[in-house]
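A.B. asks: End of the sequence shown sits at 207 in the numbering used here; the numbers just go up one at a time, nothing left out.
Hints were generated in silico from the structure; no laboratory data involved.
Among the clues, some could well be false.
[Stated by the list, open to error] DSS-like, lysine-lysine: derived pairs with alpha carbons at most 30 Å apart: (1) Lys88 - Lys155; (2) Lys75 - Lys155; (3) Lys75 - Lys162; (4) Lys109 - Lys155; (5) Lys109 - Lys88; (6) Lys109 - Lys75; (7) Lys88 - Lys75; (8) Lys162 - Lys88.
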Amino acid sequence: YRPAMARVRSGELPWTTIDALHRMILDDLLQQFRIVDLPQHEIENFNRAWHRLKPWRDARGGLRRLKTRYVIAPLSNGNLALLTNMAKFAGLPWDCVLSAELFHHYKPDPEVYHGAARLLGLANDEVMMVAAHKDDLFAAKSCGLRTAFVARPREYGPRANLDVSAEPAFDFNASDFLDLARQLEG
């Protein structure tokens, strides 16, 4: 994922959506493991598994609470089709979808963060990037956005050793979206 995006960011590849990058990665894996008998529709269905992700347990309730006071708009490297399908499948109450695809840049390129604020008609410091990835939040902060870290210790599975400690540089640190909503309501 990251190496594929790096190829786009460096100019080695022209602008390419995440769905297309995922498909390139999948095609390489199928070739590497000599899997040749899968019909194309099954390969495409498998490639689009990202469109059918189940939400974290706190996501719908926390986002609904946040939505009563704030515009909820994910800013993702995922392409528009992926994010729209994901929201529909998971029942996520987003107000709109902001994708790196709109800017033909991937995060952490500043164009993505500045572009999101511009499309929302807001100054950078009126936008809060909420993420489970500290590198994303540091990049957003460097662009003048406010930041909230939501710890997801199991994002990469039970054996992953992620740093989910509170980060003093961020405006908010939360255990989940419900906790973030409580903090912002206070």
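A.B. asks: Take a quick look at whether lysine 75 and lysine 155 sit within 30 Å of each other, Cα to Cα.
C.D. replies: holds (22 Å)
A.B. asks: Below or equal to 30 Å on CA atoms is what counts here, so check lysine 109 against lysine 75.
C.D. replies: holds (11 Å)
A.B. asks: Hinted pair, alpha-carbon criterion (30 Å max): lysine 109, lysine 155. Please report holds or violated.
C.D. replies: The hint holds at about 27 Å.
A.B. asks: With the threshold set at 30 Å, check whether the alpha-carbon distance from lysine 88 to lysine 155 stays at or below it.
C.D. replies: Judged against 30 Å, a Cα distance of about 23 Å means the pair holds.
A.B. asks: Quick one, are lysine 109 and lysine 88 close enough, alpha carbons at most 30 Å?
C.D. replies: holds (16 Å)
A.B. asks: Would the pair lysine 162 and lysine 88 pass a check requiring their Cα atoms to be no farther apart than 30 Å?
C.D. replies: holds (22 Å)
A.B. asks: So if I understand the rule, the pair passes when the alpha-carbon distance is 30 Å or less; does lysine 88 with lysine 75 pass?
C.D. replies: holds (20 Å)
A.B. asks: Given the hint that lysine 75 pairs with lysine 162, does the C-alpha gap stay at or below 30 Å?
C.D. replies: Holds - the C-alpha atoms of lysine 162 and lysine 75 are around 28 Å apart, at most 30 Å.
Checked against the numbered hints given earlier, the structure satisfies every one of them.
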